[in-house]
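**Q** Here are the chains, one letter per residue:
2 protein chains.
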Amino acid sequence: MIPEDKIIEIISKKIYEKTWTPNDVSNFKIGDNQIIFCIDTLVGSTDVPNNMNLRDATRKAAVAVVSDFASKGVEVNIMLFSLCLPEIYTKKDVEQISEGLNDAAKEYSFIILGGDTNQSTDFMITFCGIGLNQNDVINRSEAKPGDIIATTGRYGLHALGLKILLSKEEPKNGEEIEAVQAFLKPVARVKEGAYAISSGSVTSSIDSSDGLLRSLNQLANTSNVKIIIDELPTHESIIESAKKRKIDLDKLVLEGGEEYELIFSVKRKEWPKLKKLFQTKKFSIYKIGKVETGSGVYLVRNDKIVKLEGSGWQHFQK
Amino acid sequence: MIPEDKIIEIISKKIYEKTWTPNDVSNFKIGDNQIIFCIDTLVGSTDVPNNMNLRDATRKAAVAVVSDFASKGVEVNIMLFSLCLPEIYTKKDVEQISEGLNDAAKEYSFIILGGDTNQSTDFMITFCGIGLNQNDVINRSEAKPGDIIATTGRYGLHALGLKILLSKEEPKNGEEIEAVQAFLKPVARVKEGAYAISSGSVTSSIDSSDGLLRSLNQLANTSNVKIIIDELPTHESIIESAKKRKIDLDKLVLEGGEEYELIFSVKRKEWPKLKKLFQTKKFSIYKIGKVETGSGVYLVRNDKIVKLEGSGWQHFQK
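Protein chains in written order, with the numbering used here: chain S, 1 to 318; chain B, 1 to 318.
One or more hints might be untrue.
Identical copies carry no separate label here, and so any pair may be met within one copy or between two of them.
Within a straight-line C-alpha distance of at most 30 Å, the following computed DSS-like cross-link-like pairs (lysine-lysine) qualify [unchecked claim]:
hint, residue 1, residue 2
1, Lys267, Lys144
2, Lys29, Lys185
3, Lys6, Lys92
4, Lys91, Lys6
5, Lys244, Lys287
6, Lys13, Lys185
7, Lys106, Lys13
8, Lys191, Lys14
9, Lys13, Lys91
Calculated directly from the structure, the hints in this document are not laboratory data. Only a predicted model underlies this, so the values are computations on that prediction, with no experimental measurement involved.
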């Protein structure tokens, strides 16, 4: 029951260079190029509900890595995978996994260059993405007071989908079916990331897959700033479902996670330009708050400002 | 119960480019450089005996990747890891893992640039190594009839160590203690690989961690040649232990695995030169056989030639 942040702290102290800054991807320079890497594991027992098939689970594991890259405006060129399969898995299971690998590779145009297979008691698939970039990689520690906070999507739908799947009750209407599908087949915001980062308007960037609040906290902590949210972008369509199913909507939106949106801090003066760019390209972008001096993440509601505690999804605090 | 080879076959058919050749590492060109990658996972339930600590297990997982690189004469410059920990793991366990990461990073001079942590029901650590190379990467498919087969070490000691650990009987003498230590703290042949590959005398290269016979079979299959072994290099010191513990010595040597030796096919004319180079550098190298036209792996014993069936360690056929 050690929190994930604590694990990273213990390991970082022991092994990382002191100059190391936590980021969604790692990188190093070679000639004029930056090589970008990111590794991520999907675990059957904690990340895959029983009624999610292996094809979707495998594709989703790849999407998680693609999304980390997208938050830096970089595409994954090459993917390596390592597969751990329980002994009881059949040929059909392996074929499903292959389909999921193929789905992701086609959808996000990466080449799978190598892999490793193992037996284990838990299903697991690790992806290591590799990409190239001509510029320095944007990180999560440069949000500046005065910036505004923007995001590429609305929150809560995917987490509601997961809750419906876990409840084992059938989806009750079109909105709930949409929520389940959103969870099963999430989409990484590759083009949005590329446009936003290359615009030069963005000072910091992170993806939201661990939950909106956790990502905002990471942005605030690593940038040493305060973030004030004045709008929680959610889907009108899920408000009723949340009520019926007695799910706390704020918690769903702030801590639910599972959506692969991008969160940017944007230079205030450049916000109109970025917004227009996204409108032209027909991509969604929402202004949800602002950066101030200080620390922590706050929400303005009914003219009051409340500190948002908690940090969303952590594997070790289920 | 699907064999690992079959899993790779199913996945390869679905996702890999048709030009893909199985190799220990993957690579792509960028400018004048080759970027080399390799991913490998160590699984608690199948790879780590109860009496192996997490520090040694973590170090060993890294050694497996370093050894795959060594077989190509390349050093690991950067390592990424993904960690899956059972819920019951304590702070002390995480500290042990950190020590193991640190041991390997110091010993093999790589930088750990990034990581990921997860919860699972099985302990797992995946390493993804990244390195640079100026030359094309040597593969396992260019062994030619007339070449000789050489290896950097003797076989059976590590696998005996594992058997002693699994037997839960204490090691009975100095030799058995040495065997256990060899299993717990294996060494990758980084310098040997670098000298051999850069000599230009080697036509194909592979590491032996899945077992001598399996590696020889892979070399023979991918190169479309026959390999004839006329000497099985083992340790005099373990012959008695194997007898006492009723362990089949041939099986131990051929299929035991766990040692991270390198196996080379060497141009016959250049063998004396390579042997001399190794002698000068004080590294071991043993001539164990030769390459002929044909297929399969054979052993000459008592003037008879026998085909060696079986293929050594496969995760899925324990």
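**Q** Next, verify each hint and record whether it holds.
**A** Verification of the supplied hints:
1. For a Cα distance limit of 30 Å, the shortest separation of lysine 267 from lysine 144 inside one copy, 8 Å, qualifies, whereas the shortest one across copies, 62 Å, does not.
2. Taking the shortest Cα distances, lysine 29 and lysine 185 never come within 30 Å of each other, neither inside one copy (34 Å) nor across copies (33 Å).
3. Taking the closest pair of Cα atoms, lysine 6 and lysine 92 come within 30 Å of each other only across two copies (12 Å); inside a single copy the shortest separation is 39 Å, beyond that limit.
4. Taking CA atoms no more than 30 Å apart as the test, lysine 91 paired with lysine 6 passes between copies only; the shortest distance there is 9 Å, against 39 Å inside one copy.
5. In this assembly of identical chains, lysine 244 and lysine 287 lie within 30 Å of each other by CA distance solely inside one copy; the values are 29 Å within and 74 Å between copies.
6. Proximity of lysine 13 and lysine 185 under a CA criterion of 30 Å is satisfied inter-copy only: 24 Å between copies versus 37 Å inside one chain copy.
7. In this assembly of identical chains, the alpha carbons of lysine 106 and lysine 13 lie at most 30 Å apart only when taken from different copies (15 Å versus 39 Å within one copy).
8. Taking CA atoms no more than 30 Å apart as the test, lysine 191 paired with lysine 14 passes between copies only; the shortest distance there is 27 Å, against 37 Å inside one copy.
9. For the identical chains of this complex, lysine 13 and lysine 91 are inter-copy neighbours only, at 13 Å across copies versus 43 Å inside a copy, given an alpha-carbon limit of 30 Å.
The structure fails to meet hint 2 from the earlier list, while all remaining hints are met.
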